[in-house]
Amino acid sequence: MMEIQQPDDLISISLYNVFSQRKDDRKFIKYAKDWNKKIVLHIIPFYPVSVFFEGNRISFKRGEIENADMKVTIHINNMLDIAYGRVNPFYAMEEGKLEIEGLGEDSDKLTKFYNIFVVSMEQVAQEPNLNYYEIKKQTR
Amino acid sequence: MKKIRPQGEIFSMTITKERDVFEKASKEEIYNKLVDIFGKNNVTQKPVDLYPYSYDMTESDPHMPDFVVIPENVYQLVKLVNFANTNKVPIVPYISGNNVGGLTIPEYGGIIVDFGKKMNKILHINENMMYALLEPGVTFGQLQKYLENNYPHLRYSYPFAPPYAGVVGNAILSGMNNLSCKLGSMGDSINGIEVITADGEIARIGSCFYGEKEADLDSWWSRYPMPDLMGLFINWQGMTGLVTKCAVQLWPNPPITKTFLAIVFGLTDIAPVMREIGRTEVVDDISAVSIEVIKMTVNLPEPIKLPGEPDFAALFPISAKTENLFNAKKEILEKTIEELRDKGIKVLLVDVDEFSKLFNLRVRCYLDLPAALLSLVEYSGLTWFGSYAPTHKLEELIPKVNRLFLNYNVPPFIYMKIMKHSHYGIFRPIIRYKKSSEEEKIHKLLTEITEVCIDGGCIPYKAPVWMTEKLRKKVNPGWLNLLEKVKKWMDPNNIFNPGRWNT
Numbered sequence: 001m002m003e004i005q006q007p008d009d010l011i012s013i014s015l016y017n018v019f020s021q022r023k024d025d026r027k028f029i030k031y032a033k034d035w036n037k038k039i040v041l042h043i044i045p046f047y048p049v050s051v052f053f054e055g056n057r058i059s060f061k062r063g064e065i066e067n068a069d070m071k072v073t074i075h076i077n078n079m080l081d082i083a084y085g086r087v088n089p090f091y092a093m094e095e096g097k098l099e100i101e102g103l104g105e106d107s108d109k110l111t112k113f114y115n116i117f118v119v120s121m122e123q124v125a126q127e128p129n130l131n132y133y134e135i136k137k138q139t140r
Numbered sequence: 001m002k003k004i005r006p007q008g009e010i011f012s013m014t015i016t017k018e019r020d021v022f023e024k025a026s027k028e029e030i031y032n033k034l035v036d037i038f039g040k041n042n043v044t045q046k047p048v049d050l051y052p053y054s055y056d057m058t059e060s061d062p063h064m065p066d067f068v069v070i071p072e073n074v075y076q077l078v079k080l081v082n083f084a085n086t087n088k089v090p091i092v093p094y095i096s097g098n099n100v101g102g103l104t105i106p107e108y109g110g111i112i113v114d115f116g117k118k119m120n121k122i123l124h125i126n127e128n129m130m131y132a133l134l135e136p137g138v139t140f141g142q143l144q145k146y147l148e149n150n151y152p153h154l155r156y157s158y159p160f161a162p163p164y165a166g167v168v169g170n171a172i173l174s175g176m177n178n179l180s181c182k183l184g185s186m187g188d189s190i191n192g193i194e195v196i197t198a199d200g201e202i203a204r205i206g207s208c209f210y211g212e213k214e215a216d217l218d219s220w221w222s223r224y225p226m227p228d229l230m231g232l233f234i235n236w237q238g239m240t241g242l243v244t245k246c247a248v249q250l251w252p253n254p255p256i257t258k259t260f261l262a263i264v265f266g267l268t269d270i271a272p273v274m275r276e277i278g279r280t281e282v283v284d285d286i287s288a289v290s291i292e293v294i295k296m297t298v299n300l301p302e303p304i305k306l307p308g309e310p311d312f313a314a315l316f317p318i319s320a321k322t323e324n325l326f327n328a329k330k331e332i333l334e335k336t337i338e339e340l341r342d343k344g345i346k347v348l349l350v351d352v353d354e355f356s357k358l359f360n361l362r363v364r365c366y367l368d369l370p371a372a373l374l375s376l377v378e379y380s381g382l383t384w385f386g387s388y389a390p391t392h393k394l395e396e397l398i399p400k401v402n403r404l405f406l407n408y409n410v411p412p413f414i415y416m417k418i419m420k421h422s423h424y425g426i427f428r429p430i431i432r433y434k435k436s437s438e439e440e441k442i443h444k445l446l447t448e449i450t451e452v453c454i455d456g457g458c459i460p461y462k463a464p465v466w467m468t469e470k471l472r473k474k475v476n477p478g479w480l481n482l483l484e485k486v487k488k489w490m491d492p493n494n495i496f497n498p499g500r501w502n503t
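Line order of the protein sequences matches chains A and B.
Number 121 in my numbering belongs to position 121 of the first sequence; there are no gaps in the numbering.
Number 457 in my numbering belongs to position 457 of the second sequence; there are no gaps in the numbering.
Just so you know, these hints were derived from the structure itself, not from any lab.
Do not take every clue at face value.
To be verified - Heads up, simulated EDC-like pairs for lysine to aspartate or glutamate below, C-alpha to C-alpha not over 16 angstroms straight-line: (1) Lys258/B - Asp351/B; (2) Lys61/A - Glu309/B; (3) Lys305/B - Asp8/A.
As the list claims (entries may be wrong) - Non-contacting residues of chain B with respect to chain A, defined by C-beta distances greater than 10 angstroms in every case (computed): (4) Met64; (5) Trp221; (6) Leu374; (7) Ser380; (8) Tyr388.
Ideal Cβ placement from N, Cα and C applies to all residues, glycine included.
Pulled out of the complex, with its shape left as it was, chain A reads as follows:
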């Protein structure tokens, strides 16, 4: 199980929501645990957030730290397009809609980022059990 710090800013709250839904997921733990990286995520038009992976703990800090291992920039509309399967994330990278700095030669970084961030968002976005409101008439 991953331990996730409860944040107090809007973007981190969203990341907390997404990660929390996978904190017991073996695949998620496999990628996130002991990654020990600092990732800056800047969702435009909001502000950058630094996400820290340390052991089995994920924590957040509003703002961009200087010594980040990776920096990812994406507009929120493009992020929603990827999460909801309208745009392929690799196509988004090619098009410049998803910018990643700091990949270097380490292909493992991209794999982990993809599985921790992108797959988590896709899973939460496309989870039909979260669409309770569409069936409320039958369930109330």
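For chain A, the structure is supplied; the task is to place chain B on it using the hints.
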């Protein structure tokens, strides 16, 4: 007398203002008469029963009633009004206890008429002319469920209020719901009412006015064109008569509905966004809240807006009968947002269904109405300056009120609406607080907010008596004299919710 509330707060037993309720009849005589009218099981004078009726969530001074009665029909109420008028005993209508502004607190004691328990029937739905005829105790949840089960092609509109809040009270006090950008005040959606006046006469107002006996259930279809006597009862806070039936308009329930979320950066830029979207005539409703409110919803009770975060979030529900119509409306909405961006306004438009799944599903409480909103119910106290507002003054009001919140170290909670396609707006600063320890501070804050807002031209609705006292000093004397004259003529013995509007 000291008592302990369940949550451990210490408070005093409430006291009723001086007024000799028993001037003409003793308490025992009144009790016996009430038992005679309503039956023993529907009358109480036990303090333990009376106490919950003596206060509300707000800072309004609590007062104990002397009796609570549970009526079953209008004829019992005619007898009650005749008796109360003869003996000068106050009558205060009550529906579900979800009140603000001390609306049903019996300032001068007397009899609480609790409509919520038995006079809560949906009497008729006219599908053809699309209205519902209701007893006063019908709740939003009840009406919604009834329509979903029996008339799914029809809809009513719902406020940011719990399912147990009353429909009729909301309408006759000019509430605002989730179709208000189209419809305006809910007071405008009333087709007709049945009301008992001080002399015990039953009056039917609206197209139901034909005939001597009971009105035909299918005759409650319009309010016009006879002289509009409805104004003698709407927004009078129960001061002029006892409303016993109310017909409210329903609307077609279109198969396609979707809500968009606008996220606005810049404290005052929300005002032009709301006004311009309102004027497009494509959205059902516009509700905006300070960004702190979104944080309250996701379990941060005392949030702070952090640098870089937006200032306001606004919801724009769209409904349509066909995909083509929906897409056309969506296109207009997106184009208007684009034009606002061109003018330098930083605004983001997203599909709220998509956004809420990734952000936090709790924010859906603002969509799935009626709902008990965490941000409104998590403290023992809740109060507001709820007002109708001139929309051109919003840019002036928002920063002033925001500053007041911050001065008092209270998270800003500004809720706004655009009514009737931008003809007017709603400006409602809301304060949640701990009743046991923060009431004095919060009352000071609310007093300052009230002064700023009244100076800005806002008009409070469901106003508590301390607020109407301030209003009376500001409104023109002719209006005030007319109000007094009408009240005296309608209720010469001041039995209907006395004390409201300082009468």
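Check each numbered hint from earlier against the structure, then list the numbers of those it violates in ascending order.
Violated hints: none; all satisfied.
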